[in-house]
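K.L.:
So for the sequence shown, this note's numbering puts the first residue at 421; every next one is plus one.
Hints were generated in silico from the structure; no laboratory data involved.
Small disclaimer: the values here were computed from a predicted structure and weren't measured.
Wrong hints could be hidden among the right ones.
Quick list of simulated restraints, FRET-style, between CB atoms [unchecked claim]:
(1) Ala477 to Asp517: 17 to 27 Å
(2) Val548 to Thr439: 37 to 47 Å
(3) Glu468 to Pro520: 25 to 35 Å
(4) Val495 to Ile527: 10 to 20 Å
(5) Ile424 to Asp503: 29 to 39 Å
From the three backbone atoms N, C-alpha and C, an ideal C-beta is built for every residue, glycine too.
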Amino acid sequence: MSAIICGALLQLFSLHQDTAMNDHTPGAGVECQGGAFVAAAGAYRNSENQTSAYAAAGGLADLGAGFRAGAVAGVVTGYSYADGGAMPMAAGVVTWDAGPFEVQAFIVPHVEGVTHAAVQFGVFIPFVEL
Numbered sequence: 421m422s423a424i425i426c427g428a429l430l431q432l433f434s435l436h437q438d439t440a441m442n443d444h445t446p447g448a449g450v451e452c453q454g455g456a457f458v459a460a461a462g463a464y465r466n467s468e469n470q471t472s473a474y475a476a477a478g479g480l481a482d483l484g485a486g487f488r489a490g491a492v493a494g495v496v497t498g499y500s501y502a503d504g505g506a507m508p509m510a511a512g513v514v515t516w517d518a519g520p521f522e523v524q525a526f527i528v529p530h531v532e533g534v535t536h537a538a539v540q541f542g543v544f545i546p547f548v549e550l
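Make a model of the complete structure from these sequences and hints.
P.N.:
Right, here's the structure in full:
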C-alpha cells in the first residue's frame, strides 16, 4: 500500500473562456494523495467574486517525467448557476512534481447554462505522511 501524503493546496489564479469573469481566484484547502487516489477540500474566491467551498476526489495516472493526469468530481458552492448552493463539479487534472511542491492545473469544461470553461492553477505543498 502506498503512503498517504497530505498537505496544503493553494489556488493561485484562473483563466476563463469568458474574459469578463474574475481570474483573481485565490484559495486554500487540504489535499491528500495515496497512489493514484487524490481527495481535496477547501475554499476560494470564485470567478463571480463570491466565496466557494468544495470537496472532490478522483484519480491520477502517472505519465512519467513527474507528470500525472486524471480527473476529479465532487461538489462546489457559491455560484449563481445553483443560487449559491451546492452543485456537482468535475474537472480534468494535470500535475507536475516540482520537488518540494506540485504544480496543478484543473481544467473545468464548458457546460452550456451551467459553467464557463476555465483552467485553475495551484500548488500542492506536502507536509505530512500518514
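K.L.:
Now tell me if each hint is right for this structure.
P.N.:
Structure-based check of each hint:
1. At about 20 Å, the CB distance of Ala477 to Asp517 agrees with the hint of 17 to 27 Å.
2. Checked against the hint of 37 to 47 Å, the C-beta distance between Val548 and Thr439 comes to roughly 39 Å, which is consistent with it.
3. Distance hint for Glu468 and Pro520: a CB-CB separation of about 33 Å, consistent with the stated range 25 to 35 Å.
4. Between Val495 and Ile527 the beta carbons are some 18 Å apart, a value that agrees with the proposed interval 10 to 20 Å.
5. Our hint of 29 to 39 Å for Ile424 and Asp503 holds, since their Cβ atoms are close to 36 Å apart.
Comparing the model with each earlier hint shows no violations; every hint is respected.
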